[in-house]
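Peer 1: Line by line, the protein sequences are chains A and B.
Mapping to my numbering: the first sequence position 126 is 126, numbers consecutive.
Mapping to my numbering: the second sequence position 64 is 64, numbers consecutive.
Any given hint could be a false lead.
Said to hold, decoys possible - No more than 30 Å apart at the CA atoms, straight line, and that leaves these computed lysine-lysine pairs for DSS-like:
(1) K59(A) / K140(B)
(2) K191(B) / K59(A)
(3) K180(B) / K83(A)
(4) K140(B) / K86(A)
(5) K86(A) / K180(B)
(6) K180(B) / K91(B)
(7) K91(B) / K94(A)
(8) K191(B) / K94(A)
(9) K83(A) / K191(B)
(10) K112(B) / K83(B)
(11) K175(B) / K98(A)
(12) K80(A) / K59(A)
(13) K99(A) / K180(B)
(14) K59(A) / K83(A)
(15) K98(A) / K191(B)
(16) K80(A) / K36(A)
(17) K98(A) / K239(B)
(18) K44(A) / K83(A)
(19) K94(A) / K239(B)
(20) K82(B) / K86(A)
(21) K239(B) / K112(B)
(22) K175(B) / K86(A)
(23) K80(A) / K33(A)
(24) K191(B) / K180(B)
(25) K80(A) / K94(A)
(26) K175(B) / K99(A)
(27) K94(A) / K36(A)
(28) K32(A) / K80(A)
(29) K82(B) / K14(B)
(30) K83(B) / K191(B)
(31) K99(A) / K191(B)
Said to hold, decoys possible - Just so you have them, the derived chain A footprint on chain B, three or more residues with Cβ under 8 Å:
(32) 5–15
(33) 158–171
I should point out that these hints are in silico values taken from the structure, not numbers from a laboratory.
Glycine residues also receive a C-beta, built at the ideal position from the N, C-alpha and C atoms.
The chain contents come next:
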Amino acid sequence: MYNARLIIAGIVLFLVLVTYPLWIGLVPGEGKKPPKLELPVGQKECVMPVEYMKENHMKLLVQWRDEVVREGDRTPVTVKGVKYEKSLSGTCFKCHVKKTTFCDRCHDYLSVSPPCWECHYTPREKK
Amino acid sequence: MSLNRKDFLKKAFKTGLLLFGGSSLFEVVAAGELVKQKGPEAARSIQWAMLVDIPRCLEAGECVDCIAACDRTHNVPHIANKKHEIKWIWKEKYENSFPEQTYEYIREDIGKGEVMMLCNHCGDPPCVRVCPTHATWRRKDGIVMMDMHRCIGCRYCMAACPYGSRSFNWSDPRKFIPEKAINPGYPTRTKGVVEKCSFCNERIDIGLIPACVEACREKALVFGDINDPGSNVRKLLQKRFAIRRKPSLGTEPHVYYMI
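Let the sequences and hints guide you as you build the complete structure.
Peer 2: Right under this line is the structure:
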């Protein structure tokens, strides 16, 4: 085999580069850690269990949206005797006051950009 | 059993009709039965309507309380460029609003005056018919609704609406609303969606009347269920003569103008 060294080195380099997205996640480093979210102060209850909200808050919001906009059904959601309005800015933002340290941190980490805020208003935060 | 070509085609046609045309054929044949079933339900349904008292509104002169209240409630931007204007409720010259109901020697206060315009919440809305994404539709209570989440900004509805009640967001409307004036309880819109008066569905759903009706000090705007014979709008329509915009188009507008 001619140029065995070069060829084998080339193949190894190629494989390393091609599998980059697969192994890079295993290498520890800054920016890899899940983001720390600022949780609401003095409020322990959410409309759903935390685990459900982490994975499915978008589904819940879409369900609320469809019920309110498409069906005009604004009956409040009752959880443990407390009534919650089906509203992003009216309910979620009462507790999760800061978008930048809650919503954005996780969305940025996962590289998703939901267009909710283009219309739904969140008050400008003081720095 | 042998089938000749003619018999085969006949049978195939009948089977096809049964399979694919079954339900619609049934509706044609038994339409009377269906109407009977739906009848009482239809009679009980709500149809919101608005009455505009033109003389009373004109007496108020330069008053724009209704417009201000609507704009405040729904974050309607004020854009100087007429081509990019966003309108929910606005003033229009009588001669432009009722072009087929005007003539040279018309009563001057009305004929040369301005009347309030808004979405007519048609009984047979052409905008709904053309919307390719069902972003606009007619609710059970007669409100012609917009779902901004579904609007793709194709503007078919604007072309279809004979009343010019719809506006397109050519740019981000938030730039045109002062930060302090924003009502956080109602979403602003975004670039590329069509918007219009919604008869304040968000207020009706919680038992309030539209913001413009509430704001009108002259009581020149009246709102109610036109399907209810005992409602304020029905009673008023028996007392006062009212006209509608472009009735010949058959869109069944539900904004009535009392002369």
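Peer 1: Can you name, in rising order, the numbers of the hints this structure does not satisfy?
Peer 2: 7, 9, 17, 19, 20, 23, 28, 29, 32 and 33
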